[in-house]
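Protein chains: 2
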Amino acid sequence: MDADTSNAGRVDSVLQKIERTRQARRHKFYLHDEKITLSHGSGGKSTHNLIEGVFAPAFSNPLLDAMDDAATFRVDGTDDIDHRLAFTTDTYVVSPLFFPGGDIGKLAVHGTINDLAMAGATPLYLSVGFILEEGFPIVDLRRIVASMAQAAKEAGVAIVTGDTKVVQHGKADGVFINTAGIGLVRASWLMGQAQLEPGDKVLLSGPVGDHGIAIMFAREALDIESDVQSDTAPLHTLVASLIEAAGEGIHCLKDPTRGGVATSLNEMALGSEVSVALDEQSIPVHPEVRGACEILGLDPLTIANEGKLLAIVAPGVADTTLQAMHNHPLGRDAAIIGTIQAEPPGMVFLRTDIGGLRVLDMLVGDPLPRIC
Amino acid sequence: MDADTSNAGRVDSVLQKIERTRQARRHKFYLHDEKITLSHGSGGKSTHNLIEGVFAPAFSNPLLDAMDDAATFRVDGTDDIDHRLAFTTDTYVVSPLFFPGGDIGKLAVHGTINDLAMAGATPLYLSVGFILEEGFPIVDLRRIVASMAQAAKEAGVAIVTGDTKVVQHGKADGVFINTAGIGLVRASWLMGQAQLEPGDKVLLSGPVGDHGIAIMFAREALDIESDVQSDTAPLHTLVASLIEAAGEGIHCLKDPTRGGVATSLNEMALGSEVSVALDEQSIPVHPEVRGACEILGLDPLTIANEGKLLAIVAPGVADTTLQAMHNHPLGRDAAIIGTIQAEPPGMVFLRTDIGGLRVLDMLVGDPLPRIC
Numbered sequence: 001m002d003a004d005t006s007n008a009g010r011v012d013s014v015l016q017k018i019e020r021t022r023q024a025r026r027h028k029f030y031l032h033d034e035k036i037t038l039s040h041g042s043g044g045k046s047t048h049n050l051i052e053g054v055f056a057p058a059f060s061n062p063l064l065d066a067m068d069d070a071a072t073f074r075v076d077g078t079d080d081i082d083h084r085l086a087f088t089t090d091t092y093v094v095s096p097l098f099f100p101g102g103d104i105g106k107l108a109v110h111g112t113i114n115d116l117a118m119a120g121a122t123p124l125y126l127s128v129g130f131i132l133e134e135g136f137p138i139v140d141l142r143r144i145v146a147s148m149a150q151a152a153k154e155a156g157v158a159i160v161t162g163d164t165k166v167v168q169h170g171k172a173d174g175v176f177i178n179t180a181g182i183g184l185v186r187a188s189w190l191m192g193q194a195q196l197e198p199g200d201k202v203l204l205s206g207p208v209g210d211h212g213i214a215i216m217f218a219r220e221a222l223d224i225e226s227d228v229q230s231d232t233a234p235l236h237t238l239v240a241s242l243i244e245a246a247g248e249g250i251h252c253l254k255d256p257t258r259g260g261v262a263t264s265l266n267e268m269a270l271g272s273e274v275s276v277a278l279d280e281q282s283i284p285v286h287p288e289v290r291g292a293c294e295i296l297g298l299d300p301l302t303i304a305n306e307g308k309l310l311a312i313v314a315p316g317v318a319d320t321t322l323q324a325m326h327n328h329p330l331g332r333d334a335a336i337i338g339t340i341q342a343e344p345p346g347m348v349f350l351r352t353d354i355g356g357l358r359v360l361d362m363l364v365g366d367p368l369p370r371i372c
Numbered sequence: 001m002d003a004d005t006s007n008a009g010r011v012d013s014v015l016q017k018i019e020r021t022r023q024a025r026r027h028k029f030y031l032h033d034e035k036i037t038l039s040h041g042s043g044g045k046s047t048h049n050l051i052e053g054v055f056a057p058a059f060s061n062p063l064l065d066a067m068d069d070a071a072t073f074r075v076d077g078t079d080d081i082d083h084r085l086a087f088t089t090d091t092y093v094v095s096p097l098f099f100p101g102g103d104i105g106k107l108a109v110h111g112t113i114n115d116l117a118m119a120g121a122t123p124l125y126l127s128v129g130f131i132l133e134e135g136f137p138i139v140d141l142r143r144i145v146a147s148m149a150q151a152a153k154e155a156g157v158a159i160v161t162g163d164t165k166v167v168q169h170g171k172a173d174g175v176f177i178n179t180a181g182i183g184l185v186r187a188s189w190l191m192g193q194a195q196l197e198p199g200d201k202v203l204l205s206g207p208v209g210d211h212g213i214a215i216m217f218a219r220e221a222l223d224i225e226s227d228v229q230s231d232t233a234p235l236h237t238l239v240a241s242l243i244e245a246a247g248e249g250i251h252c253l254k255d256p257t258r259g260g261v262a263t264s265l266n267e268m269a270l271g272s273e274v275s276v277a278l279d280e281q282s283i284p285v286h287p288e289v290r291g292a293c294e295i296l297g298l299d300p301l302t303i304a305n306e307g308k309l310l311a312i313v314a315p316g317v318a319d320t321t322l323q324a325m326h327n328h329p330l331g332r333d334a335a336i337i338g339t340i341q342a343e344p345p346g347m348v349f350l351r352t353d354i355g356g357l358r359v360l361d362m363l364v365g366d367p368l369p370r371i372c
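Protein chains in written order, with UniProt numbering: chain A, 1 to 372; chain B, 1 to 372.
Do not rely on the hints blindly, as some may be mistaken.
Since the list gives no way to pick one copy over another, a pair counts as held whenever it fits inside one copy or between any two copies.
As the list claims (entries may be wrong) - No more than 25 Å apart at the CA atoms, straight line, and that leaves these computed lysine-lysine pairs for DSS-like:
#1 Lys35 x Lys171
#2 Lys171 x Lys45
#3 Lys35 x Lys45
#4 Lys153 x Lys45
#5 Lys153 x Lys171
These aren't lab readings, by the way, just hints derived from the structure by calculation.
Put together the whole structure using the sequences plus the hints.
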């Protein structure tokens, strides 16, 4: 079997897997709600249900159905895997607009860069769409715009097209920002939620929960002193170094933003019809974040991150990948946190610190709305 | 002089023109406002000031500085004009969400398709970002999503990536939608706001003001019976037929949305350092729209359209282009409405029905906020 045939076979098998899991998910996640609730924006189970119950069936096409954070395609209409583009979008409604470690503008640039990076792409160009509320101070807008410009410059991407809308006072909340992004895919193999194989190792690039907890502490209602800062950061150079180190041993990259590590791994388990076994002790969490979660009854694994990534890699390159993470400033505290197993498909398990085993579900409800 | 040298010279001259007008505009449009007002979202003069005073200086780069509705570029980093991609974004905050002739979903698909088409591109892929207000009925969301899916299918584009955010009740207005789009540029020459030449003819593809007036009539506060329907339509097949008919005689295409024909032509006059002389009698306006404008003291030339385009073409191909418009269902009522002149740069003039001559400015203020 030559490389081309093998590749074509692999593409077919992936497409079949996507189709099977799509049908399974659609059956499982029929949407019964009559009105939108905050939990539909959590990034967790309700968001999943809304996507599978409303958006996915209406917009269905092979690129969307893969349900990765970025779509990848060639613009010449061929199926060739090389020289694909990645395309993604995210809207940012974070509250408050300014928080320790960042602001909505920085987040809007980093978040879309990261979705491109997770597709193995070098980010090239961003679009930006603003929704401004009547009465919003222009000095704050300038501050946000300057932060976006700086974040884009530091990451080597250009904001090349944009749009501005204004709505009446009371019909928005200061400013909402959408960014979409285009990147050039450097990975010449398939990566994504449908690519996990039993035996693969799960790597996490650093401590979880910083962004979500920083936002929570920044809310006016909470008068708590804290040193927790958002971890917002552009991850494309970390991804580039992982690709260089581990090549096609990298099966899937994902930044665990809304819904946290728990939700991201559940989505992958569903997308690849595998299970994920995690070792709780190995998952890095800053003590202050762990403390806040204990007080508030939150699970750090469901809290949003903006500068971390999960890498699912072939067992043979796990140590190389971990070493590459440790050598990068954004991966210094990386760890191997789990393993992919064949059975039971679609589930995530956590071996707890006290030796128990529990099912780790997606985020249910939304304890921290408007986190990004 | 061979073709390559001539082309390079033309690119240089265009870049110089963009740089000169950018500096002139920046000087002219310094932003003095302290807070965002509805007129900053009008698409007219205040929007222009906001863009030139806040966004353009912060994000400045050669692609953005051209200030066309879509950025065009090659992803391989070369300057070659062939095989460019077009990339654009628009956010939709129209109120009401459903109106005669369309809805926010249809508008969000058509609008972004049209921005790609105006760059001479075949639209390929769209992204969609939803902001949903807590409490929004899912039945209405399904209706909007179905409308988007149908509009995309009819236009032959795929929605390949998306995002959903939810904000608290009272922090948005039902639903806001952002779409970004990627297209493949079919024009192998430069088109855009910097490309107008004295002697060029100004063509308009049909009657103006339908969309804006339809929205106005649809507002609950106005209890007026009317047959006016939004003209929302995807213009990419019309553009394809114009490109086929007139080739590089087409210097600039623009869909006169927010701010209407008056604002679009003023932007072009500024971008190309030319003046535009319009003949009021030749500008098609439906009688009902004209009547509504007279009663309400509005100028149909500043009212938004969603299915019309302006084509600025070399005089030698004006008749051919007009004929191509007439042969297309979306250009049946097209007309030649004016001429590009060298002096005075940056101005638009209207020869009125009664024989006078008046300056036609961009839209000032915002008589019809949230039109798209």
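To see whether the hints hold, each was checked on the structure:
1. In this assembly of identical chains, the alpha carbons of Lys35 and Lys171 lie at most 25 Å apart whether taken from the same copy (18 Å) or from different copies (16 Å).
2. With identical chains, the CA atoms of Lys171 and Lys45 are at most 25 Å apart between copies only, with a shortest distance of 23 Å across copies and 27 Å within one.
3. Taking the closest pair of Cα atoms, Lys35 and Lys45 come within 25 Å of each other only inside a single copy of the chain (16 Å); across copies the shortest separation is 39 Å, beyond that limit.
4. Within a single copy, Lys153 and Lys45 get their C-alpha atoms no closer than 35 Å, and across copies no closer than 29 Å, so neither meets the 25 Å cut-off.
5. Proximity of Lys153 and Lys171 under a CA criterion of 25 Å is satisfied in neither setting, with 32 Å inside one chain copy and 31 Å between copies.
The structure does not agree with the numbered hints 4, 5 stated previously, though it agrees with the rest.
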